[in-house]
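Peer 1: Here is what each chain is made of, one letter per residue.
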Amino acid sequence: MSVARLDLNKCVGCQNCVNICPMDVFYFDENANKSVMAFPENCQSCAQCYLHCIGGSLTMSTLRASYAMSGGRALRTFPIEKSQYAQETSGSWGK
Amino acid sequence: MELNRRDFLKKFAAGSATAIAAGSLSTAAFAEEAQVGAANIEQLGEGTDPIVTEFAFPGDTAAPDQTEYEADVVVVGCGWAGLHAAVTAARAGQNVIVVDKGRPGYSGMAPFSQGCTYFDAELGDNMDANLKVLQYTGEYLCNIEGFRHTLENSKQAYEENFEFGLTGGYMYAPASGITEFSQDKEYFQANLANERHHKWMQVLSAEGVTVLPHTMAVNVLVADDGRACGIVALHVKSGTAVTVAAKAVILCAGSGSYKPGGFVVGGDTFDGACMAYDLGLTIVGMEFDDFHQTNSFAPGDYYFSNTWDYVEPYTPYDTYNTAPVSDDEVAQYAAGKHSFMSANRVKQGLYGLAANDGSGVSNRTTNGSANPDDPRCAYCLSWGDQGKNRTADSYGACPGMPLHMASGVYCGWDERNGATPITGLYVAGDGEFGDMAEGVVYGFVGSTSTNCSVQGDLAGAAAAAYADSVELAELPEDQVVAATDAIFAPRTITKGWDPNYVVDRLCAIMTPPEVQLTKNAVNLYAALTQVEYLRDKVCPKMMGYSGHDLRICIEAQHKVTSAEMKLRAALAREESRGTHYREEFPYRDDANFLCHIGLSKSDDGHMTVSRIEIPEEWKGDLTADYATRYPGRFPGEEEALGLTAEAVEATGSYAHKD
Chain A
1 MSVARLDLNK
11 CVGCQNCVNI
21 CPMDVFYFDE
31 NANKSVMAFP
41 ENCQSCAQCY
51 LHCIGGSLTM
61 STLRASYAMS
71 GGRALRTFPI
81 EKSQYAQETS
91 GSWGK
Chain B
1 MELNRRDFLK
11 KFAAGSATAI
21 AAGSLSTAAF
31 AEEAQVGAAN
41 IEQLGEGTDP
51 IVTEFAFPGD
61 TAAPDQTEYE
71 ADVVVVGCGW
81 AGLHAAVTAA
91 RAGQNVIVVD
101 KGRPGYSGMA
111 PFSQGCTYFD
121 AELGDNMDAN
131 LKVLQYTGEY
141 LCNIEGFRHT
151 LENSKQAYEE
161 NFEFGLTGGY
171 MYAPASGITE
181 FSQDKEYFQA
191 NLANERHHKW
201 MQVLSAEGVT
211 VLPHTMAVNV
221 LVADDGRACG
231 IVALHVKSGT
241 AVTVAAKAVI
251 LCAGSGSYKP
261 GGFVVGGDTF
271 DGACMAYDLG
281 LTIVGMEFDD
291 FHQTNSFAPG
301 DYYFSNTWDY
311 VEPYTPYDTY
321 NTAPVSDDEV
331 AQYAAGKHSF
341 MSANRVKQGL
351 YGLAANDGSG
361 VSNRTTNGSA
371 NPDDPRCAYC
381 LSWGDQGKNR
391 TADSYGACPG
401 MPLHMASGVY
411 CGWDERNGAT
421 PITGLYVAGD
431 GEFGDMAEGV
441 VYGFVGSTST
451 NCSVQGDLAG
461 AAAAAYADSV
471 ELAELPEDQV
481 VAATDAIFAP
491 RTITKGWDPN
501 YVVDRLCAIM
511 TPPEVQLTKN
521 AVNLYAALTQ
531 VEYLRDKVCP
541 KMMGYSGHDL
551 RICIEAQHKV
561 TSAEMKLRAA
571 LAREESRGTH
581 YREEFPYRDD
591 ANFLCHIGLS
601 KSDDGHMTVS
611 RIEIPEEWKG
621 DLTADYATRY
631 PGRFPGEEEA
641 LGLTAEAVEA
651 TGSYAHKD
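Sequence order for the protein chains is A and B.
According to this note's numbering, the stretch in the first sequence is residues 1 to 95, in order.
According to this note's numbering, the stretch in the second sequence is residues 1 to 658, in order.
No wet-lab data here; the hints were simulated from the structure.
Some clues are possibly wrong.
To be verified - Cβ-to-Cβ under 10 Å is the rule here; a few derived chain B residues that face chain A:
(1) 54
(2) 64
(3) 548
(4) 600
(5) 601
(6) 604
(7) 629
Claimed, not checked - One-sided and incomplete, this derived list gives chain A residues near chain B with beta-carbon spacing under 10 Å:
(8) 12
(9) 25
(10) 29
(11) 38
(12) 40
(13) 41
(14) 53
To be verified - Only pairs whose alpha carbons sit at most 30 Å apart, straight line, appear in this in silico DSS-like list of lysine-lysine:
(15) B:541 - B:495
(16) B:185 - A:10
(17) B:619 - B:537
(18) B:619 - B:132
(19) B:537 - B:155
(20) A:10 - B:199
As the structure is a prediction and not an experimental result, all values here were calculated from the model.
We put the beta carbon where it would ideally sit given N, CA and C, even for glycine.
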């Protein structure tokens, strides 16, 4: 149970989904003028983004994005030196 | 090497490198699952899951221009309680800031309210009879005077909601001419005038309230003189710390729940209760907290649907989404599907129990009114035709809620304004103000949205009056630093646990029926052991880097804390009552448990359990026999207690019959 993308071409860049989503699923790509379904695993399927999607870019899926219930999958590592956060907290990584 | 956001995007948007970006994991999962059973993804056809072609997560947004605020009153969370608290304080001349980790009108439970009721003597309501029903359904642990107080104020709160334009309902689907489920967007558009989600921000704006959306309060700060003086929050979109210095703080952050496996877990994560707990305040009512499973026609409804095998919160499901379904039909379906006794008993207690004193008063004041002009039950988004027939969906799943008007911060049973033991800190609404107004079963259908509004009104007025009497205190620097460090701690480790793993695992621990419904000590301890492991070994190693990750880390921590509360309270209550059922103690134990269980943080950081006495007048007639006191029964209870057929008949039993 999750929001899903029906057709990214139909996204008109209104950012309704970005503003509305209570679970912070959506971000916005200013360069492409498209919303980004960044964290669908946190979708609570309230469907308000879908109802407010002007272009009809979104749909609701019967599938739910999730993480596997295993330690191996859950343990995640980031290439942090390449991330935008490295500069902000330079020197504090890898403690 | 320094990368700006644009470079970051370009670098990671190309090809398989997207696998590195957060969020793309799920994209991959979609593609993988979509291919199952289909040789060619094109064969899936229209209406099935689409091919996802997302851009990579573009990274956090730019930090907001302003990160330090000052206000007279800061309101944390903005459902019914937060809205009323903010508006009331603003109308009292206060400079009010609302912080909401999502967006007011879309966050929390308020958008999912299905109906409302209020007390109105002019419509024939009898206060004493209503309170007596509440005493039965609440099984002698409900705050009689507290509920009287909310009922007395409920009409005013309703009228305010009417004034705000929040009481409209969707039109009856056949009348709208839109009856096909596939026309969901058309139906939504046709009902836009009565749609309440978007009106929250309009109301706040009209009242001059400053709203900080996507801003999650994390800590309430307490000045040296012991009074609350503001909050530290996380602006989620940008991953930036925000502070609000305020004369008064009102927590309206709502409740939380654990949902059964397979269900989405939303943003209701006991944030307010956990912030209060961290300050040393006592939390009550957690053993009665329940999950609310949801479905498409009734997103906030637990009682009709919690025994369904698996009810999708949104997706159209055969007849239940295409034909009007009456209450009775739904109830019959639910009864036929039930698996766990306590759930069914609760349902019967709710919808079957009436005052057994011959007064004929039903607890269903919402739909039970014989007056055809009774305006109540007006604002159901998912029900039309005066609530008699379901007409269309309101779309969506509630993020989870506890037993209504029960758990939260214990402020003393006589407290009506939500003033906590910490000066300047107020609580209002579901899951926040633990006045146990409804006792141990949700007693009055349709009362919650109104009562949350009442509590918001009262807390807003009290906070405003208090704010007038004090000066703004400076935020304690050390506390700001400590709180900020804690927010960003998940960024300081390079290997760790995804917070989503904690949330998922907690769901698996807390939602099985042997933990959630039919409890016993062995299973509760087993769950507690796992929760303690998460608390001690996993939570400190949660990592994340985006603002979103940080939010999920905080939420996961809160859920772990609240899970421990729930388990310890459930272990302490060695009896069965209301929504709390213990296999080894299957009956009410009036001698030992006409009390509440409090949870608080000791000086050494451990959770302590305490007994909180209740006033004698809540306890009803203690000389009456068991059958009279408890007309709602657990399965096998009548036989085990040797209740005669006459006694059962005389007291109007609604016992489980299977």
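Peer 1: Decide, hint by hint, whether the structure agrees.
Peer 2: These are the hints, each one checked on the structure:
1. 54: At 5 Å from the nearest chain A Cβ, residue 54 of chain B passes the 10 Å test, so the hint holds.
2. 64: Constraint on residue 64 of chain B not satisfied, violated at 14 Å.
3. 548: Given a least distance of 5 Å, the restraint on residue 548 of chain B holds.
4. 600: With Cβ-Cβ at 30 Å, over 10 Å, it is violated.
5. 601: With a minimum Cβ separation of about 27 Å from chain A (threshold 10 Å), the hint on residue 601 of chain B is violated.
6. 604: This hint is violated: residue 604 of chain B lies away from chain A, its Cβ roughly 26 Å from the closest one there, beyond 10 Å.
7. 629: At 40 Å from the nearest chain A Cβ, residue 629 of chain B fails the 10 Å test, so the hint is violated.
8. 12: Given a least distance of 15 Å, the restraint on residue 12 of chain A is violated.
9. 25: Check passed: Cβ of residue 25 of chain A comes within 9 Å of chain B, closer than 10 Å.
10. 29: Nearest chain B Cβ about 5 Å off; hint holds.
11. 38: Given a least distance of 4 Å, the restraint on residue 38 of chain A holds.
12. 40: This hint holds: residue 40 of chain A lies near chain B, its Cβ roughly 5 Å from the closest one there, short of 10 Å.
13. 41: Holds - the Cβ of residue 41 of chain A comes within 10 Å of chain B, reaching about 5 Å at its closest.
14. 53: 9 Å, holds
15. B:541 - B:495: 8 Å, holds
16. B:185 - A:10: 16 Å, holds
17. B:619 - B:537: Violated, because 43 Å separates the two Cα atoms, which is more than 30 Å.
18. B:619 - B:132: 11 Å, holds
19. B:537 - B:155: At roughly 49 Å apart (the allowed maximum being 30 Å), residue 155 of chain B and residue 537 of chain B break the hint.
20. A:10 - B:199: 27 Å, holds
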